[in-house]
Amino acid sequence: MSVVVIGDRAVGKSSTVLELANPYEKKFVEIVEPDYETLKDKYINPDTNQMVPTRTEGQRSLVLNVQLPGGEKQINAHWIDTPGEMWDSPQWRKDNPSAWQDFKTRLNECLGIILLLAPYRDLVSPNTLNPEELLTFQAWEIRFTKWLDFFLQDCSQVEHITICLHKADLFCNVDNVSKEFQYSDSGGTQWWKINETARKMYFNQVEKPIKNYHKKGGKQLQFFITSIKNRGLLELPWLYLSPYILYQEKTYY
Amino acid sequence: MSAIRIIGPRGAGKTTYLATIAYLGELAIKLAITGKQEHFKGLEVTARDSDSDSERLVGLAKDVIKQGEKVPPTRTKGNIEYHPDYQLDINIPGGGEKIELVAKDYPGEVFELLGLRHKLSEIEFYLDDLLTTNRWLIMLTDWQPNQDESTYKPAFKNLLEKLEAETQKKPELANIRIAVVMAKCERGELWPGRLEPEQDLFKIRLPLSHKILREKLPSSKQLKFFACSSFGVMGDKNPRPNRYLPNDGSSAENARLRDGNCWQPYGLLSPLYWLDTGKMLKDVRL
Chain A
2 MSVVVIGDRA VGKSSTVLEL ANPYEKKFVE IVEPDYETLK DKYINPDTNQ MVPTRTEGQR
62 SLVLNVQLPG GEKQINAHWI DTPGEMWDSP QWRKDNPSAW QDFKTRLNEC LGIILLLAPY
122 RDLVSPNTLN PEELLTFQAW EIRFTKWLDF FLQDCSQVEH ITICLHKADL FCNVDNVSKE
182 FQYSDSGGTQ WWKINETARK MYFNQVEKPI KNYHKKGGKQ LQFFITSIKN RGLLELPWLY
242 LSPYILYQEK TYY
Chain B
4 MSAIRIIGPR GAGKTTYLAT IAYLGELAIK LAITGKQEHF KGLEVTARDS DSDSERLVGL
64 AKDVIKQGEK VPPTRTKGNI EYHPDYQLDI NIPGGGEKIE LVAKDYPGEV FELLGLRHKL
124 SEIEFYLDDL LTTNRWLIML TDWQPNQDES TYKPAFKNLL EKLEAETQKK PELANIRIAV
184 VMAKCERGEL WPGRLEPEQD LFKIRLPLSH KILREKLPSS KQLKFFACSS FGVMGDKNPR
244 PNRYLPNDGS SAENARLRDG NCWQPYGLLS PLYWLDTGKM LKDVRL
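Chains as they are written, first to last, in the working numbering: chain A, 2 to 254; chain B, 4 to 289.
These are computed hints drawn from the structure, not numbers from a lab.
A portion of the hints provided could be inaccurate.
What the hints assert, rightly or not - The calculated DSS-like cross-link candidates involving lysine-lysine, where the alpha carbons are at most 30 angstroms apart (straight line), are:
#1 B:206 - B:165
#2 A:216 - A:105
#3 A:217 - B:80
#4 A:105 - A:220
#5 B:80 - B:122
#6 B:285 - B:240
#7 B:33 - A:217
#8 B:285 - B:219
#9 B:33 - A:180
#10 B:156 - A:216
#11 B:33 - B:101
#12 A:105 - B:80
#13 B:165 - A:220
#14 B:156 - A:217
#15 B:33 - B:282
#16 B:80 - A:74
#17 B:101 - B:214
#18 B:107 - B:44
#19 B:156 - A:220
#20 A:220 - B:107
#21 A:28 - A:43
#22 A:209 - A:194
#23 B:165 - A:194
#24 A:74 - B:107
#25 A:201 - A:212
#26 A:74 - B:33
#27 B:122 - B:173
#28 A:147 - A:216
#29 A:216 - B:122
#30 A:28 - B:33
#31 A:220 - B:240
#32 A:194 - B:240
#33 A:217 - A:194
#34 B:44 - B:285
#35 B:101 - B:122
As the list claims (entries may be wrong) - Computed Cβ-Cβ distance ranges for the label pairs, DEER-style:
#36 B:250 - A:126: 49 to 57 angstroms
#37 B:29 - A:208: 36 to 44 angstroms
#38 A:150 - B:81: 27 to 35 angstroms
#39 B:101 - A:201: 46 to 54 angstroms
#40 A:94 - B:36: 56 to 64 angstroms
Ideal placement from N, C-alpha and C gives every residue a C-beta, glycine not left out.
With the rest of the complex left out, here is chain A:
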């Protein structure tokens, strides 16, 4: 069963997956296949040491070791990597109608979506490098609402939708804040509490579109903040989705 990581260009979709394969930072989740070195070879440009932007859509099989309250489990998942243009360029969708339609069909076969959102300009520290590359709050709110519309219109078959305000290191002290979002493998993590905390702290200003989304019958949304600079936060959406991947009903054809 697949999990698709979606989000606008350069938000860091591939780098989150790369970081989860990094064995040195592991807490409760580790991508063990492909291994870290293989993923680094694919995604890091050795000359610049920067991520190579994803140009084409592709699907990869992942094997993850996940520490759940019921014990350590191995999970097989598919990760659909998508180029950012697919999401933030209406022109791309216009130029590639069959690819877009085909992708939407496959998206609806996915068990879960991880949407990564960059923070908006007013949220980040004034010392952030190039804050003008980020959207203003007004533009971000419009984009956020478009994502919710997309979930309503095009993802009706997807059971689990997670929304992550990514690059949390730009707007908070991730080590301090991560204490609010701690996972315990011995049980006692209440996902609804994590969801409520994230919503109150970081999505409060978009309550109205969220309520409208639910009024229209939208599926449950689970909110997180994530950062590649804090492994605990980065693992949360995968820990949330893992039991659903693990305990999904058998599929028969």
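Use these hints to put chain B onto chain A, whose structure you have.
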């Protein structure tokens, strides 16, 4: 024990019910350690012959329900054989009695389509399977307005007609036992009615369903009403429901367990015990 079929509308909590029962043995040990809920002492639940489907249920209880998340819905499948038979051995506390549970739960759509005559062909193989057994557990909720009239009553009407016709061909169906269970009775408006569920829950909250069922099956040997709660309340002296409903405008169907450490289910075994033995459990809390 005869095989049991569990039916009911979407979101009634059928799989959550089964998953909680599968985990009830472990939960009973935890409750005994903390000195809470003495009536669970000695309760044991084991999956028979390493039944992987029942182990999946335990996993759902530990990794999903206890973590405050919702069990995914059971989907309709192309063949009844694709729905697992959960096989659990349950040692009842007290008298040393044992229930050998073999149960299959149907997707909620099956119950909802029962009331639509033109759609009955879509669920024909579920109906055929249902009528191979004479132990049914029907799980209902009452949080959706008008459901009694719009969904439940027509479903019962068609189901009971089908049962009547089939009983002519299969005499074993004359010995049917149907346990009708009001689920999610941790809710404040239901909790006080749990002790006399037929009088205080079904007659009042689902009067049309109650009437049609009682008219067709007047004998208490064939039909009994129960109340259960997979989540329970926060404690003996704290009757707040151990359930959390997101304040985001989402449906009441999205309720989940509030606090895994206070998890004390109510009345889950009573309907199964009656279906198995025809007798009532002395402790209705079980």
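Cross-check of the supplied hints:
1. Distance restraint check for residue 206 of chain B and residue 165 of chain B: the Cα-Cα separation of roughly 24 angstroms lies within the 30 angstroms cut-off, and the hinted pair is therefore satisfied.
2. Of the supplied pair hints, the one linking residue 216 of chain A and residue 105 of chain A holds, its CA atoms being roughly 23 angstroms apart against a limit of 30 angstroms.
3. Between residue 217 of chain A and residue 80 of chain B the CA atoms are separated by roughly 27 angstroms; this keeps the pair inside 30 angstroms, and the hint holds.
4. With a C-alpha separation of about 17 angstroms, the suggested pairing of residue 105 of chain A with residue 220 of chain A holds against the 30 angstroms cut-off.
5. In summary, the hint linking residue 80 of chain B to residue 122 of chain B is supported, as the alpha carbons are separated by about 16 angstroms, within the 30 angstroms threshold.
6. Among the hinted pairs, residue 285 of chain B with residue 240 of chain B is consistent with the structure: their alpha-carbon atoms are about 22 angstroms apart, no more than 30 angstroms.
7. Among the hinted pairs, residue 33 of chain B with residue 217 of chain A is inconsistent with the structure: their alpha-carbon atoms are about 41 angstroms apart, more than 30 angstroms.
8. With a C-alpha separation of about 27 angstroms, the suggested pairing of residue 285 of chain B with residue 219 of chain B holds against the 30 angstroms cut-off.
9. With a C-alpha separation of about 27 angstroms, the suggested pairing of residue 33 of chain B with residue 180 of chain A holds against the 30 angstroms cut-off.
10. Taken as a hint, the residue 156 of chain B and residue 216 of chain A pair is honoured in the structure, with Cα atoms around 28 angstroms apart against an allowance of 30 angstroms.
11. The hinted pair formed by residue 33 of chain B and residue 101 of chain B meets the criterion: a straight-line CA distance of about 21 angstroms does not exceed 30 angstroms.
12. For the proposed pair residue 105 of chain A and residue 80 of chain B, the alpha carbon gap of about 23 angstroms is at most 30 angstroms, so the pair holds.
13. Restraint check for residue 165 of chain B and residue 220 of chain A: the C-alpha separation of about 36 angstroms exceeds 30 angstroms, so the hint is violated.
14. Of the pairs offered as hints, the one joining residue 156 of chain B and residue 217 of chain A holds, with about 28 angstroms between alpha carbons and a cut-off of 30 angstroms not exceeded.
15. Of the pairs offered as hints, the one joining residue 33 of chain B and residue 282 of chain B holds, with about 28 angstroms between alpha carbons and a cut-off of 30 angstroms not exceeded.
16. Taken as a hint, the residue 80 of chain B and residue 74 of chain A pair is honoured in the structure, with Cα atoms around 27 angstroms apart against an allowance of 30 angstroms.
17. Distance check on the hinted pair: residue 101 of chain B and residue 214 of chain B sit about 33 angstroms apart at the alpha-carbon level, beyond 30 angstroms; violated.
18. A distance of roughly 27 angstroms separates the Cα atoms of residue 107 of chain B and residue 44 of chain B; the hinted pair therefore holds under the 30 angstroms criterion.
19. Taken as a hint, the residue 156 of chain B and residue 220 of chain A pair is honoured in the structure, with Cα atoms around 28 angstroms apart against an allowance of 30 angstroms.
20. With a CA separation close to 27 angstroms, the supplied pair residue 220 of chain A and residue 107 of chain B stays within the 30 angstroms bound.
21. This hinted pair checks out: residue 28 of chain A and residue 43 of chain A have alpha carbons roughly 24 angstroms apart, not beyond 30 angstroms.
22. Pair hint residue 209 of chain A plus residue 194 of chain A holds up; C-alpha atoms about 20 angstroms apart against a cutoff of 30 angstroms.
23. Pair hint residue 165 of chain B plus residue 194 of chain A does not hold up; C-alpha atoms about 46 angstroms apart against a cutoff of 30 angstroms.
24. For the suggested pair residue 74 of chain A and residue 107 of chain B, the alpha carbons sit about 26 angstroms apart, so the restraint of at most 30 angstroms is met.
25. Taking the CA atoms of residue 201 of chain A and residue 212 of chain A, the gap is near 13 angstroms; set against the 30 angstroms cutoff, the hint holds.
26. Proximity of residue 74 of chain A to residue 33 of chain B is assessed by CA-CA distance (about 23 angstroms); at most 30 angstroms being required, the pair is judged to hold.
27. Restraint check for residue 122 of chain B and residue 173 of chain B: the C-alpha separation of about 24 angstroms stays at or below 30 angstroms, so the hint holds.
28. Distance hint between residue 147 of chain A and residue 216 of chain A is fulfilled; the C-alpha atoms sit about 16 angstroms from each other, no more than 30 angstroms.
29. For the given pair, residue 216 of chain A sits about 28 angstroms from residue 122 of chain B by alpha-carbon distance, which is consistent with the 30 angstroms threshold.
30. Distance hint between residue 28 of chain A and residue 33 of chain B is fulfilled; the C-alpha atoms sit about 27 angstroms from each other, no more than 30 angstroms.
31. Between residue 220 of chain A and residue 240 of chain B, the direct Cα distance comes to roughly 35 angstroms. Violation of the 30 angstroms bound is thereby established for this hinted pair.
32. Distance hint between residue 194 of chain A and residue 240 of chain B is fulfilled; the C-alpha atoms sit about 24 angstroms from each other, no more than 30 angstroms.
33. At roughly 24 angstroms between alpha-carbon atoms, residue 217 of chain A and residue 194 of chain A fall within 30 angstroms of each other, so this suggested pair holds.
34. Distance check on the hinted pair: residue 44 of chain B and residue 285 of chain B sit about 15 angstroms apart at the alpha-carbon level, within 30 angstroms; holds.
35. Between residue 101 of chain B and residue 122 of chain B the CA atoms are separated by roughly 39 angstroms; this puts the pair beyond 30 angstroms, and the hint is violated.
36. Separated by about 31 angstroms at the C-beta atoms, residue 250 of chain B and residue 126 of chain A break the suggested range of 49 to 57 angstroms.
37. Take residue 29 of chain B and residue 208 of chain A: their Cβ atoms lie about 39 angstroms apart, and the range 36 to 44 angstroms holds.
38. A hinted range of 27 to 35 angstroms holds for the C-beta pair residue 150 of chain A and residue 81 of chain B, which are about 33 angstroms apart.
39. For the pair residue 101 of chain B and residue 201 of chain A, the supplied restraint of 46 to 54 angstroms holds, since their beta-carbon distance comes to about 48 angstroms.
40. Taken as a hint, the range 56 to 64 angstroms holds for the pair residue 94 of chain A and residue 36 of chain B, whose Cβ atoms sit roughly 57 angstroms apart.
Figure legend: structure checked against the earlier numbered hints; hints not met, in rising order: 7, 13, 17, 23, 31, 35 and 36.
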